[in-house]
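Trainee: Single-letter residue listing:
Number of protein chains: 2
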Amino acid sequence: MTVSDSKNGDDSDRLEKLRAAIDGIDEQIVSLLAKRQREVKRVTEIKKARNLPVYHPSREEDLISSRRSQGASAGLEPCFVEELYRLILRQSRVEQTQRIGSKAVLPGGVILIVGGRGEMGRYFESRFAEAGYQVRILDKSDWHDARRLCAGIHAALISVPIDQTNPIIAQLAPYLPKGAVLADITSIKASPLSVMLKAHEGPVIGLHPLFGPTTSSLDKQIVVATPGRHLAECQWLLDQFTAWGSVVLTADAREHDEMMDIVQALRHFASFAFGRFLYRKKINLERTLDFTSPIYRLELGMVGRLFAQDPSLYCEIIFASKQRRDLLKQYIQSLQDSLDMLQANDKERFLEEFGKIAEWFGPFSDQAMRETTFIIDRLIERF
Amino acid sequence: MTVSDSKNGDDSDRLEKLRAAIDGIDEQIVSLLAKRQREVKRVTEIKKARNLPVYHPSREEDLISSRRSQGASAGLEPCFVEELYRLILRQSRVEQTQRIGSKAVLPGGVILIVGGRGEMGRYFESRFAEAGYQVRILDKSDWHDARRLCAGIHAALISVPIDQTNPIIAQLAPYLPKGAVLADITSIKASPLSVMLKAHEGPVIGLHPLFGPTTSSLDKQIVVATPGRHLAECQWLLDQFTAWGSVVLTADAREHDEMMDIVQALRHFASFAFGRFLYRKKINLERTLDFTSPIYRLELGMVGRLFAQDPSLYCEIIFASKQRRDLLKQYIQSLQDSLDMLQANDKERFLEEFGKIAEWFGPFSDQAMRETTFIIDRLIERF
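Chains as they are written, first to last, in the numbering used here: chain A, 3 to 385; chain B, 3 to 385.
Chain A extracted, bound-state conformation (with noise of 0.2 Å):
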């Protein structure tokens, strides 16, 4: 044995015990994380008694800034401890939703989901049954029953396909109760709004849920509503997405609809038109992933992602209105101006106009900049 063998096996040795500190240490703190849960479920108790919210913001940022400061002090990095907190604080949030979300704003209440064995509908099912209301359920096969259902609920909630919304309020208005609050859950607002309006005399109100049934919970997730008719009687149902730790965003229906042209129809457009051309050029994907940096993987994870879910629901996004189809054609048009400054190799043009749209952009490419850069860390991490 070489003295070098013996240093080699004394290292060795040494790296076993550290890692052998290194669990240990590790233990302690799952452990302590273990006793932090059991703390914080007692705080859950006292603000589910009192009707506090599961979200304080000031006290969030206290606690992460005196950890960041301890952690410097002592010699950590203090955007990896506020990272941790911001994860620890996370889970927190949805444990202690998820026990306060298991009250009902309105004790005793009865919904009614129409559509209820669609995705959607199975997942509001869910929410409410375990927040202790009465959940029924009417689909395609039960209207014989319709006037059993309806009686005496609390609200109907429409979650049906956005083609058949407006048929179906009709059917259904004939056997509500007046007092009985009016909402649907479409993805378009001004249309099935009027439609509610003129269909049933009591509270009105459109909801659009920004999320899918796979979420696993509503922490921080947006619900639009469109204010009807009588919101004061519809708040109880807003109150329940709060409760459940969603942020309500009070809306015109006919603004939502504009907004959702953009964020939803035209970006999944161009999310189907990247994937198809990908396909038509059969590009070999697997290897595409190879040669990419997180930033690509992304990119190509947006368009994939889309084509992992359900055709009929991006079908009815993208072909919701008239409207909406012309606003995709004028983006197809747009393009088609950049096919002469491809050919004539014109990099001037292209600076000009870049400068212009970033100028345009502003602050928020800076924002989106900070918020990409965030993300993609976490992808290198995770992947």
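Mixed in with the good hints there might be a few duds.
Since the list gives no way to pick out one identical chain from another, each pair is judged satisfied if it fits inside one copy or across any two copies.
Claimed, not checked - Dumping the calculated DSS-like pairs for lysine-lysine here, alpha-carbon to alpha-carbon at most 30 Å:
(1) Lys19 / Lys50
(2) Lys284 / Lys358
(3) Lys37 / Lys49
(4) Lys358 / Lys37
Just so you know, the hints here were simulated from the structure itself, not pulled from any lab data.
Starting from the known structure of chain A, arrange chain B on it as the hints suggest.
Mentor: Showing chain B alone in chain A's frame:
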């Protein structure tokens, strides 16, 4: 004072006490993290002395698996524990890499960075200097001194805009020592590689670091290497990237360029065209963000990110070659095909196409769904 007030008062006291207890636990957790970091530092010293890699996948997986089971028995969500530990391990790798990376693979090596006052040039100047290399810069105004700057160098790294790469290689070559490695870091590879092989007799390798100068750590970042000549004599340079934590992917220059047509040019062009349309329609970006679920926020963020960056970089990428511009033209033309579909409100055709594309995307879309869902959860947690 009523009974209820007094009860509320008791609750407030209890809440305060519970919060103090949680603060105490958090203080212990942060102390343990600092202690953990000190132990890791000791591990790093051994790894550095023995040239052991920072990333030890099986050790990390074992560690995570133990913490998951411990967490689960203690009533914690195992996925939460795993996320937390992925973050801790990533931070640990970054710190280890910083410490180990400051060791040169070729001790006493002299590196010439041509274009060293550009952003990427300065980035690599810092990395190599930190690692203990002697770094020299040859920029526009230094050509009169080229002979002296090239004397005794072990590698020349060409870090200039794409359209200047080939002429600069030709201009530099006569000054290079025969044994020096000639490498470029341009984002296209076939053409510079052939020019390098013609201009220089010694070791030649094309490099494409798939990251920008704002990257805080090279951890897990990909560097594509396209071998030219005398690969064994270029190995130390590749090993240096590996020592910094990068993943070196060896590929054929032509294949690299084809892949980049897609993952860089097409993707960036699509984002550019999308941002340009938002600009032309003068969409109220601020307001769309209010209506934005994390997924749309992320998609808009990817577009906004582009416009926060250097226009000339994107201009170069998009206009890099005729082949590339032709691909982009095909992309624009393929969008035209959708006009009819939208005009005719042809949902059936949309569903049929969607189905074919989804089938072709196959397992990639499931992977994309998993990855982007993970990312979206991180976005919610953070913003």
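Trainee: Now, for every hint given, state plainly whether the structure supports it.
Mentor: Quick rundown of the hints versus the structure:
{"no.": "1", "hint": "Lys19 / Lys50", "result": "between (47 Å within a copy, 17 Å between copies)"}
{"no.": "2", "hint": "Lys284 / Lys358", "result": "between (35 Å within a copy, 12 Å between copies)"}
{"no.": "3", "hint": "Lys37 / Lys49", "result": "within (19 Å within a copy, 35 Å between copies)"}
{"no.": "4", "hint": "Lys358 / Lys37", "result": "neither (54 Å within a copy, 51 Å between copies)"}
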